[in-house]
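S.K.: Protein sequence lines correspond, in order, to chains A and B.
Oh and the first sequence: position 27 is 27 in UniProt numbering, straight run, nothing missing.
Oh and the second sequence: position 537 is 537 in UniProt numbering, straight run, nothing missing.
Treat the hints as calculated values from the structure; they're not laboratory data.
Where hints are given, some of them may not hold.
Claimed, not checked - Stretch-level coverage of chain B by chain A, calculated; a stretch enters the list once three of its residues show a Cβ under 8 Å from a Cβ in chain A:
1) 249 to 259
2) 422 to 428
3) 492 to 501
4) 595 to 608
5) 799 to 813
Every residue, glycine too, gets a C-beta built ideally from N, C-alpha and C.
2 protein chains.
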Amino acid sequence: MMYGRYTQELGVFAKEEAARLRESGQRRSVTERSRALDLLEYEKGRCAKCRICTVRCQKFLISRVGEDWIFLVLLGLVMAMVSWVMDFCIAICLQAQKWMYGGLDSNVLLQYLAWVTYPVVLITFSAGFTQILAPQAVGSGIPEMKTILRGVVLKEYLTFKTFVAKVIGLTCALGSGMPLGKEGPFVHIASLCAAVLSRFMSLFGGIYENESRNTEMLAAACAVGVGCCFAAPIGGVLFSIEVTSTFFAVRNYWRGFFAATFSAFIFRVLAVWNKDEENITALFKTRFRLDFPFDLQELPAFAVIGIASGFGGALFVYLNRLIVQFMRKQKAINKFLMKKRLLYPALVTLLISTLTFPPGFGQFMAGKLTQAESLVTLLDNRTWAKQGIAEEFDYIGHSQAWKHPEVNVFVTLVIFIVMKFWMSALATTIPVPCGAFMPVFVIGAAFGRLVGESMAAWFPDGIHTDGTIYPIVPGGYAVVGAAALAGAVTHTVSTAVIVFELTGQISHILPVMIAVILANAVAQSLQPSLYDSIIRIKKLPYLPELGWGHHEKYNIRVEDIMVRDVRYITLNCCYRDLHNVLLTEHLKTLALVESAESMILLGSIERAQLQLLLSQQLGRPRRLEYIRKQAVAEKKRLSVLSNPSSEDSSPRASQEVRFQISTEESSANPTRPVLQKPLKPALKRSSGVERPTEMPTGPQNNSGIALKNLFCASPVTEGLENNNNMESPTPPELSRPAKRVRISVVEPPPSIKNLSGDDGDVEDDMTIREIAEWEEKQLDEQVNFNNCKIDPAPFQLVERTSLHKTHTIFSLLGLDHAYVTSIGRLIGVVSLKELRKAIEGSVTVKGVKVRPPLASFRDSGTSSSENEATELHKLWDHHKSMSLPREHTPSASDEKSQ
Amino acid sequence: MMYGRYTQELGVFAKEEAARLRESGQRRSVTERSRALDLLEYEKGRCAKCRICTVRCQKFLISRVGEDWIFLVLLGLVMAMVSWVMDFCIAICLQAQKWMYGGLDSNVLLQYLAWVTYPVVLITFSAGFTQILAPQAVGSGIPEMKTILRGVVLKEYLTFKTFVAKVIGLTCALGSGMPLGKEGPFVHIASLCAAVLSRFMSLFGGIYENESRNTEMLAAACAVGVGCCFAAPIGGVLFSIEVTSTFFAVRNYWRGFFAATFSAFIFRVLAVWNKDEENITALFKTRFRLDFPFDLQELPAFAVIGIASGFGGALFVYLNRLIVQFMRKQKAINKFLMKKRLLYPALVTLLISTLTFPPGFGQFMAGKLTQAESLVTLLDNRTWAKQGIAEEFDYIGHSQAWKHPEVNVFVTLVIFIVMKFWMSALATTIPVPCGAFMPVFVIGAAFGRLVGESMAAWFPDGIHTDGTIYPIVPGGYAVVGAAALAGAVTHTVSTAVIVFELTGQISHILPVMIAVILANAVAQSLQPSLYDSIIRIKKLPYLPELGWGHHEKYNIRVEDIMVRDVRYITLNCCYRDLHNVLLTEHLKTLALVESAESMILLGSIERAQLQLLLSQQLGRPRRLEYIRKQAVAEKKRLSVLSNPSSEDSSPRASQEVRFQISTEESSANPTRPVLQKPLKPALKRSSGVERPTEMPTGPQNNSGIALKNLFCASPVTEGLENNNNMESPTPPELSRPAKRVRISVVEPPPSIKNLSGDDGDVEDDMTIREIAEWEEKQLDEQVNFNNCKIDPAPFQLVERTSLHKTHTIFSLLGLDHAYVTSIGRLIGVVSLKELRKAIEGSVTVKGVKVRPPLASFRDSGTSSSENEATELHKLWDHHKSMSLPREHTPSASDEKSQ
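Work out the full structure, taking the sequences as your base and the hints as a guide.
M.R.: If you want it as structure tokens, here you go:
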């Protein structure tokens, strides 16, 4: 469906666009030429030429606004500024907390109150603010971006309001010092920025209205988000591709690189200009030795980190989901929390900040350090634990926080890892804009550090045996651990690249790659990625990946999963059939076949189109017309007695009226973008504003009985949140199509005007019984599909298409459903739902005849070819009644199976 | 077409595969269980259990052979070994040359002879060897891989022979010291290796026969090729994606990473084990300072390198193409060279090696150094030119070569760049396996070094003003230049990542990224990439990219480029129509429509299938059957006189025979993979062995007159090279389908056996006139499509689909052509050819009605909706003759346009 919609829209758009451009171009050039002439006339000096030149430059610049690179530069610039300003604010927030905490060191209770109140207030504000302004801003946003880039329209997720809510909410949330990340939200913010920017740019150039271009730009924006968050352009592009795309168009590659590089550059340049740094450097620069970064014999330890991180990552995703599901299931808690929406964030923040209170339990887990500070200390290239004892090492700067007079540094690290692990999993469930990448990254670094310190304690002089001593660098282990755990949670390999760019060193490339790949292998076989997990929790329309060892998927075919009982309408059906189908079936689109016998698929029609057809047939305007016609006929009948020759002209004239109406409808459509989006994706939240176009003549307007019936039975569109659009009555000013029909009725061509009386004259004086009778009669008429938008080439598959291929096609083209045909005949339909179920392996579906995955192998190999032959024969029989020399008798097929 | 083929084949394959696996699994488990029981019975000791365990492990291992990771590990291992062994051999070859040159330093002439003869011999051997063994091994192979991954089958490019030719040829070519690269060929070698390996593995597990899986593995293999060539796994994956894919499946990402990392790891470990290196390090390790790698104010210089590299890259591609085209055009030269194929390589090698002769002109361009050595010196972190004079700097090691007593180092660098530039462009046209990446990389490094040295001379104390002096590092400029020029020639951004991995330092990330992006921007707007240029030169079936600023492409629609005069066959056509269509039309596939009036598209049929149908109808077996039947009828006629009641049974029985034959044919098909590949891609070189299945009963077997006609007129398949398959006569043992038909005729069901006489009895005693008459009669019969393979769902587009979308779909699905339909009606066809022409902007095509790109905007907006309505109406009129209450009169449409 979406594929059809897309092509149609694009075509129409292109047409309009070109027409508009041509027109405006002509107009502009004319006006400009005249302006130039005017200038030349009035000021025949040398100044005129300059002005003409300026005008030309201006014109040239405006024409260039549509170029991709201008948009990308703007996007990069804006995002770099946003990122930098946010970082600045967050740093101030964190400093303020430290300052408060430090200033009150006389009284522990006051210190505790200051330490705890500050984050609680910030988080509560953040939660409340986003809740009020735009609830869509909650969470990381990567799952939503993944869904949007798959082709589903989630409009509310790309508004300016959401942008504001996300930026301010995120700043507050991160300023609180909770274990939250900025990476995921930044992907969303960049996409929001791109969407808002392209809406702004569309004021200048027309190309910004193009949907497919905007999707391409969104993909680039995701890369910018990661790129300017970590100042990691390459890693950003790769991470965004891995996280948001299923199939990536390589031609979009440069866009991402260009924008992300520009953005990262500006982001770092801002830091230099602000005298934060002397030069452009990596965010978390490391200083490992270059000559011998690690020993070949250390690789097993790195592999262990990778495998352990894999398990840890899966556990994190599981824990996160468990917490969300627990909160949902406990109805008592849920009810209470729903009432006091801000209580949950406040409670969680209170718990976490209490535990990290430095003079309290926080002393055992470096609670004093912010996320960035702990990362810097963890990536330090000095060894903390020498000779297995943590005593003699000189902790300087922030590293001091890891030192505890009574407790070993190993114990501190273990406590840090364990505590931060569940804290992060819990904190990311708070309804504020937040990501989980950074907390996970820090935990991974701590785990790596733990392993590294253990290795350093175990081999104090390094493993290398001949000659020079190369001590083990625990900081390298921290780098490996960070990349591995982050990779395991997000199911990406590109965390390795991000790590290189963050640290500015690529010397540990092999250990990092090995650990990341191992972590991915383990994590992917245990749990979905964090983002996929959230997609499932939020019930976004997704298509699960086929996974690593998916070769059994080659063996499932479309015929095993397709719905065979397809609802269709025939080309020669009457309105009653339409009515019945609409009553019984709640599908968004219906197949249009040639006839019930041939079942040749001609196209697909949207449900709303059929409702429109039906309401036009049974609607009040038409009934009034009928009454009017009746009146005219009555009048005529009386006049016929005096002049019998005029009998013929009347029906023809009324025919013309009818045709006038219908073509006004159909020819007006292509020029109206509102109407040209007939095939909205299934999950689009049907808001109260857009609903009326679907049922143009609301139930209260036309007092049709059958229609009322129908609209009451219309399905509740599955909104993502609790949408209250069902209550809103149809605003009369929005029922445009019906209005236009009426207008053309009100103003008939002059030839008819004299025939039909004034429109106002006709009174709707029919009784309910009469109406019912009239409607019954109308329902028996044949449907006229002329003024109905039909998707003329819905996507088709064959029975034998494998699940693997189907998945590929659905992902590639962002399909919602596809018809299964066999030599033109419609035999089934596969929608996203069936496909998802088949991939997930569940086979007990209500109303869907799902055969067990390997059912097709039970059938003998000949059956389907037989089917095909039979079907072809049916076609043949149907369309031809020629006596063939050798006829296909039913007994033959019995014989064949011998 | 390919899409249809693909889905069908996969389905059929999956079915068979599963059936086979199930069967063999059952069989195996039964035999194993019995074996285990046997073991238990005979040796009731503790040993038995061990054995059972072993057997189980073995079974488990065998079942695991199909897993992806095993294949990838094997591939990585093999490629790492190949790469390492090749590098080893190349190093020995180069050393040998140096040793010879060094040993003969008493006599310059002898030295010259040694210096020149050695590469000439090696290159000539390489050229001759590849020419004889596998001419497909010539060149880089990346263009071919791009074509193959697009879905075109170029079988000869993935054989073991080609593998051997490529490996040995490349080793010799690189051992000669010519400016040639190993990267491109390595992509090809890795793919070859994957193809050969999967053919080998298919002996164990069935999944290796799956085509779509093999394509996925080929994509991974490309990454492995780059990865193990440069020990750059990440860059390898990205480069291979950029160079070979149009749309990349993110789910294949990990495969590439996994295999490339493993391969790079083994490649480097081999070096450590061989004591070449102490530890795993980067190939061309740099030692730039970490604290202040470059100054922000140096960025303009880096940008200049980028832009200049862009122009240089475009020039290189242009020069390369120019040389090839010049050699082709000069017919006299061409003729001479074609005769003496090895002369051209020898001459070019002679010229280049003469110019690099160190005591001669080579002294001004560091001719003594090999490619790797010059790269190492160029990336050196010391400054050569201090205070603008090249005197006082201490050249150590290989850097000595850059020093010339009389000539400035700047002049040496300029000469090096200019000479190497045209030498590389020339050398890559030699018909040996060779790439251009590495030479270009070195030239870029030299250019960067030149700029860097100039900067160092200009700002001797660095640009930074406050306090510490940070001198400029020319080595950093070399890194930037190398990445930029390589990126410009190949149109990739990932050369940046390759550079980081090659040098082991990421400190110059920003300058490198900026320069690479600028170089790409310039180069892409001037010339196609080197690989695309070669694709065009070699005339491979490609689809050009839409390019950067492709927004005007949104405005062209399918209806502007489609061929409206589609050749079709109708469901009820007779054999004569088939014959005529086959005679006049040379398309690979033909559309099957319901009837000429309705034009409803039912599917597409391959030309070969139609030929088969026709030959079955007119073939000798059927004629013999006819004669036999005649004889039987004659016999019957005689017997009828005595027993009239048996008249009825005879025709029915013969019907059954006919049906038996046809279903035997169609039911046997799904289980025969040979026959299940009916829709071969258009460009597949039809080899002599496979041809017979397409025309199973060759012209010499059936003496049909019309058929002979037809087969003589059959189009010469466009082979890529001069394929001599036209001469090979049809081997009789290969005409299987026809044979099977005969077999089923020979063994009719018992009920008929007594009716039909012995097959051998019938004599082909018809005269040519009789045959012609008989054929005429046969041609008037209606075609029975029952035993014909029809692609039941060919890809369909609508008229309004934009060129942009069409391009995307064709690239995504690897289509060859697509039908344009409107509500089921076939109205046009778009093939790769039309699409390519539309993208390239040429509109003068013979036989193709191409409207100018923006033609559709000249039509008014209403026209197409009118068309649609009219078409629907036609359908309606055609299928229904009901009198509608309001008829669509032609006058109405006139009125509408008012």
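S.K.: Could you check the structure against the hints above and give me the numbers of any it violates, in ascending order?
M.R.: Hint 2 contradicted; others consistent.
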